[in-house]
Every structure is written in C-alpha cells, then in structure tokens.
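Number of protein chains: 2
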Amino acid sequence: MADSPKRIGLIGLSAKGSWASRSHLPYLQRTSLYQLTALQNSSQASAESAATKYSLKNVSVYDNPTAIAKDPNVDIVAVSVNVPQHYDLIRPALEAGKDVFSEWPLARNLAEAEELVQLANEKGVRTMVGLQARQSPSILQAKEIVASGKLGKIMGTTMFGHGLLFGGIIQESLLYALPIEAGANLLTIPFGHAVDALCYVLNSELKDISATLSNHYPELDLVDENYEPIEKRKKTAHDFVSINASLVNGGGNVDVTYAPGLSRTGRDFVWEIIGTEGSIVLEGPKMGGHVQMFQPSVKLAVGQEELKEVKVDKAADTSFNVGKAWDAWAGVGLDKGYSVTTWKDAVLRHKMIEAIYRSAEKGTRENYV
Amino acid sequence: MADSPKRIGLIGLSAKGSWASRSHLPYLQRTSLYQLTALQNSSQASAESAATKYSLKNVSVYDNPTAIAKDPNVDIVAVSVNVPQHYDLIRPALEAGKDVFSEWPLARNLAEAEELVQLANEKGVRTMVGLQARQSPSILQAKEIVASGKLGKIMGTTMFGHGLLFGGIIQESLLYALPIEAGANLLTIPFGHAVDALCYVLNSELKDISATLSNHYPELDLVDENYEPIEKRKKTAHDFVSINASLVNGGGNVDVTYAPGLSRTGRDFVWEIIGTEGSIVLEGPKMGGHVQMFQPSVKLAVGQEELKEVKVDKAADTSFNVGKAWDAWAGVGLDKGYSVTTWKDAVLRHKMIEAIYRSAEKGTRENYV
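Residue numbers (full-length UniProt numbering), protein chains in the order written: chain E, 1 to 369; chain H, 1 to 369.
For reference, chain E alone in the conformation it holds in the complex (with noise of 0.2 Å):
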C-alpha cells in the first residue's frame, strides 16, 4: 500500500489569483502525493472564498499561523505570501513541530533565515525553499552537460538578465518591495534565483565578490490597474545589479548584471558557460531574467562543432518547476535530477546575497563560504 499522501496546509492561496494558485495549487490538485487540508489568509473569509474560487472541499480555513500550526489534519506548512511576512508564518509552523516548505527568500534577511533554521534543526523537522529553477528541465540540462566534462574546464560564466521588478512603476501589490529591508526586491528575488541556478548548473559557489548596486529609480511612479501614475513612491531597493566574482571550484570567472523591467531590446535572459571545450548559451523569454518561472532555451557548441539547440522537455505551465520540488520531497524524480532544496541551501543563498551588500557598500571582494 502506498504511503497516505501527506497533508497540507497553505497560507496565501488568494481568491483574486497569486502566485500560490498559479504554482503550487495546479499541481496540489493533480497528485497524490499530497492532499490539500487547510488554508490560512489574513482573514477566515478571505481563506473561505479561496477555498470556494478553487473547489477546494473538506479544508479547514484560518486566519493566523498558530492556528493552521496546530491542525491535527496538517503535516506540512506551505508558507506562499510576501516575503517580510515569511518570518511570523512561519515560527509558529516550527513550533508546532511541523515541516515548512517557504518561498525563496526565505526570509528578510540572513539573520531572520539563520534563526528559522536554527528552531527548524531543534525542533527536528524538514525543510524545503521555492528555489525551483533547480528543477527547470533547461537548468537541469545545463548542468548535466558541465557535469558530463564536454565544455572542459569552465573559464567564465557570463549572465545578463532583465529583472521585471522597479521598471520606473510599480503596483499596489508591489509596495512591500520597495523598503530594501523588505528583502525582497531585483536582488533577491529574479537574481537570486537566477544566480542560483549558476552555482547549481556550476556545482560551485562564488568567491571574491565585487558588486556594484545602483538605485536608478529612487522613486516610482506608483500605477493602478490601467497602469495610470497614481503618485510618486519612495524606493530604497536597489534596480540594477552587477558583480564579477570567481567560481571556488575552479575559479572561471563570473560576471552576472541584472537590469530592471523588462528589456527592450529581446535580450532578457541570456547566460553563457565558457569552457576550454565548449560553450552553451541559454536565453529565455520575455520575463526570462525570472528563470525560476521562465524557461530558456539550451545551446551547445562543442569544440569546432556548429552551435545547436538542445532538445529539452517542456515545463507545461507555471506549476512544473514548483511541482517537481514538492515531488523531489517526497522522494520521486530524484533518479531523474530532481532534488529538494533546503533551508541550509537557502542560508548559503542569504549569506551570498549579504555578501554582495557588503561588497557594494564598502568596496572590497567579499566572500561568503
């Protein structure tokens, strides 16, 4: 007899559409592995009309993270909201002794994300971070052709993407990221994931970070649905990010520019791996620079050999990645590439990111393992 599927509980599956009913609920309905037991919003009404909007039949609905902590019928905490709420939503999960998996970034900041790691190895229970690039077919390719030795020794790394965030307006549900103590903005979010998938592709982490962050746009234009400016906002996030720094395992070198909005110019993904052998290129769509969500085509030139497309599996929607994870955590898909990301890679991520904050902000290389 199979295992019984382990059950959840999800904070943040909006009635109005999120990223949770994009993500996370299409593959929640299709599998058996899981089973969708409770929901918790802000409010009880609001968590009742997800739970209406979606079918969703037999789920309790809460309106605080205690309470969706200590359902009996909850085995699994599914943290999908903004990220300076991560933190409250998720401490009472580990409390209650109960798994978590949250969006990446995990928290805040490093030192919110070393404390919920920290209560997590106490209290004995499993982790898992939404760095779901890990599971795009694209990436995975990437890496199993640097694996494969074919492009020889890595030289450099080249990555230039568009990060859809802080394009000179932002909407209402978007302010949050405005504040950099918010963590939650072009560095964190479509860079982190991105750069992510560089050290993962790369199975190397970086040393000797040198950043430049700019704020080109200390303040938006804050728009409404038809995207009319409504008024000005303050913005202390950074918008445009570059670093070079050195992979540890073999020191190429690595050169990563994340640009706000989107381009203009078609060019909003596109991340080269230069080897002494061979080279690939992958470049994504448009919103391609959140390559967690976007998928990017895969090119590979061997030695003299002509540049050719490689064939890789197509992510059906925006769930593939994410449902890929959920399943790499119940121990399906592994034999095939696909692996949980944990708290312990999403605190190395953190302490990257700090890194490049301190880099920009004092002018030195930094380094973070």
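Since the hints were derived computationally from the structure, they do not count as laboratory data. Some hints here could point you the wrong way.
No distinction is drawn between identical chains; accordingly, a pair holds when it is met within one copy or between any pair of copies.
[As the list claims (entries may be wrong)] Derived pair list, reagent style DSSO-like, types lysine-lysine, alpha-carbon separation capped at 27 Å:
1) LYS308 with LYS143
2) LYS336 with LYS53
3) LYS299 with LYS336
4) LYS70 with LYS344
5) LYS153 with LYS232
6) LYS153 with LYS362
7) LYS150 with LYS232
8) LYS286 with LYS153
9) LYS286 with LYS16
10) LYS311 with LYS153
11) LYS299 with LYS286
12) LYS362 with LYS351
13) LYS153 with LYS234
14) LYS286 with LYS123
15) LYS336 with LYS311
16) LYS150 with LYS234
17) LYS351 with LYS6
18) LYS308 with LYS53
19) LYS344 with LYS143
Model the placement of chain H on the given structure of chain E, informed by the hints.
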C-alpha cells in the same frame, strides 16, 4: 592652392603583410592629404622589399628610428609595430621634433606612456594614437543616439566580447604578447579598444572599477602556419577580463567581460546600453570583439517601440577607421563627427588599465580620474 601633403615616414610596413599594409597603406595610397616618403623596418632589405612589394616609388628606406626621424622629407613618423617596440621607436622621432602617430597601446605601461607624452609636450609636436574605434560609423552612430537624449538617463551598459587572442594556441608572430610586461594582450588591446569606444559613446570615463582578471591558459600551444602544435609556451598575460564600474558622468552601471579566442556561440561582441527611455544593442560579426576593426550592427528601441536596426555607413575595409583618423588629423571630416584621439587620451586609457590591474591584484575598487 591646397596645402602640400604631409610627408609620412612609416615604421612597420612588412612585405609579408601586416596591420600597416591592411590599414594605413590603402588609405595613404588614395589620399591627397598625406604622402608616404619613407619606410623603416628592422633591416634596410626588409624596408626595400616592402617598397617593392607595394610599388612605393621615391620612398627612402631605413633600418633604425633615428635615421627616419632625421629625414628632412618626413613630417610625421607613424609607428605601426608590436607594442613592446613603441617606446624605442617613438623617442627618436620626438627628439627630432616630428609629429608622431602611434598605434594603441601607446606603450608597454603607463610610465612609458607618460614619459612619451611629456617629451612630446616639451617638443611641442602633435600626437595621435590609433584608438580608431572612435571613427567607426557604428560607434559614431551610437554616440549620436546617446547624445540626442533618446535613451534618457543611462542606467547601465553591458559589453561582452571575445578577444581573439589567447584562445589556447599562439602563433610565432604573437609570441611577444605572452609576458604581461609586454603590455600587448587581451586586456590592453581588444578590451582596451572596446572600452575606449564605450567611454567615447557614453561621453564618460569610469569610476570605482572592480576587476577580476584570470589567466586560464598559463601555457599555450605554439602552432605552426598549419595550426599544428610545436611546443608549449608560458603565458603570464591574462585571458579573461571582468569589470564592473560606474559612469563618472551619471553613475550608470558598467559591466564588461572579455573572453579569450573566438566565440563558439556567435557572440563575439554584444554591447547593450540601457537608458530610462530607450536602449541600443551593438552586435559584432566573427572577430567583432576587435570593435576597432570589425563593424557592429546598431539596433535601437525607444519606449514601447519595436527594436529596429539603425542604418549606418559601412566601413568598406580595415583602412576605413584608420583613414578617417588620418583625415581628422588633417582637419577633414571633423564636421562629420570624426575626431583626433591624442596621446592625452591614450594616457587616460593606460591609467584605466593600471586601475584595473590594481583592482584585480588588491581586491579594491579603483579610480583613475
């Protein structure tokens, strides 16, 4: 009556073919502004065979720089040889009070360059340096677009190129470039020309440079003319250059990466300039990392408009940019945007390169202006 043509004594025209024969000679043979009156090579026989090969009548031939410098029929000494020889060949010309053109890099290092500039100033002669990307129709077009304000405030620029040099092999004729002390390498030559174009287009020097320099091939295969390896040769010059910096004139992010050899993926040169209102992309052909020689296309996107190729004059051949520089030195074409790049500019570029070396060595952010 027009001015009589200025008389040029050219150092480095080889009968076997050389940069001088592909760039300076075709121009000098078609212009009425200059006249080639003397040649100097390492031997008189070699200078004679160049004269014969290129049907140059009435040119004096010399085997040493003092002789050509003292020739009363020479107004301008033009030095087109390997960088390590520049200093020794230029000094006698300056001492004889002649105007001097020199290829870029002006000298092996900043100290040599500054010494030459000081002597040139003392002698009151005119100088020009071969940073001829500034005469490229594409570069001039890009400069014009930036100056027009169409792109708005420049938020950042990202340039990626392959430097052709040091791609795992080396030919006899380039062995002189292997020691870093020669000052003739991927950083100084292709990167140097390209970043000079970057500064020229954006009308700004760089500040707060962070650099990562690598030598991924500390040994290269010396190959014969059939590209068969003969033996290993040590290399101390770098072959992978990564910098980030800011524009002095407005703080935009600057990211430049140069990789060795040729691109396997068709990305020999990709340069994007991202403004608040518009962006341009310059893309080079094979070998386009040498933007001073290989003309990139220019594409422009403003606001919500589609990306469009901008029509630019085609540089007919390798002598085009060099010829426009010579023209400008004679006062011709200045109204069309062509300009004279002097040793003062060359020294600034040498200072930038020294700042890059300091940053890479010490892990600091470095300035040169």
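Comparing the hints with the structure gives:
1. In this assembly of identical chains, the alpha carbons of LYS308 and LYS143 lie at most 27 Å apart only when taken from the same copy (17 Å versus 35 Å across copies).
2. With identical chains, the CA atoms of LYS336 and LYS53 are never at most 27 Å apart, being 35 Å at best within one copy and 66 Å at best between copies.
3. Taking the shortest Cα distances, LYS299 and LYS336 sit within 27 Å of each other inside one copy (21 Å), while across copies they are farther apart (42 Å).
4. For the homomeric pair LYS70 and LYS344, the shortest alpha-carbon distance inside one copy (25 Å) is at most 27 Å, but the shortest distance between copies (73 Å) is not.
5. Only between protomers do LYS153 and LYS232 lie at most 27 Å apart by alpha-carbon distance; the minimum there is 18 Å, versus 49 Å within a single protomer.
6. In this assembly of identical chains, the alpha carbons of LYS153 and LYS362 lie at most 27 Å apart only when taken from different copies (26 Å versus 32 Å within one copy).
7. Taking identical chains as interchangeable, the C-alpha atoms of LYS150 and LYS232 lie at most 27 Å apart only when they sit on different chains, with a minimum of 23 Å there against 51 Å within one chain.
8. In the homo-oligomer, the alpha carbons of LYS286 and LYS153 lie at most 27 Å apart only across protomers (23 Å), although the nearest pairing inside one protomer, at 31 Å, exceeds that limit.
9. In this assembly of identical chains, the alpha carbons of LYS286 and LYS16 lie at most 27 Å apart only when taken from the same copy (24 Å versus 50 Å across copies).
10. For the homomeric pair LYS311 and LYS153, the shortest alpha-carbon distance inside one copy (23 Å) is at most 27 Å, but the shortest distance between copies (40 Å) is not.
11. With identical chains, the CA atoms of LYS299 and LYS286 are at most 27 Å apart both within one copy (18 Å) and between copies (18 Å).
12. Taking CA atoms no more than 27 Å apart as the test, LYS362 paired with LYS351 passes in both settings, with 16 Å inside one copy and 23 Å between copies.
13. For a Cα distance limit of 27 Å, the shortest separation of LYS153 from LYS234 across copies, 18 Å, qualifies, whereas the shortest one inside one copy, 45 Å, does not.
14. Taking the shortest alpha-carbon separations for LYS286 and LYS123, neither the intra-copy value of 42 Å nor the inter-copy value of 58 Å comes in at or below 27 Å.
15. With identical chains, the CA atoms of LYS336 and LYS311 are at most 27 Å apart within one copy only, with a shortest distance of 16 Å there and 49 Å across copies.
16. In this homomeric assembly, LYS150 and LYS234 come within 27 Å of each other (Cα to Cα) only across copies, at 25 Å, whereas the closest approach inside a single copy is 48 Å.
17. In this homomeric assembly, LYS351 and LYS6 never come within 27 Å of each other (Cα to Cα): the closest approach is 31 Å inside a single copy and 63 Å across copies.
18. With identical chains, the CA atoms of LYS308 and LYS53 are never at most 27 Å apart, being 45 Å at best within one copy and 45 Å at best between copies.
19. For the homomeric pair LYS344 and LYS143, the shortest alpha-carbon distance inside one copy (20 Å) is at most 27 Å, but the shortest distance between copies (48 Å) is not.
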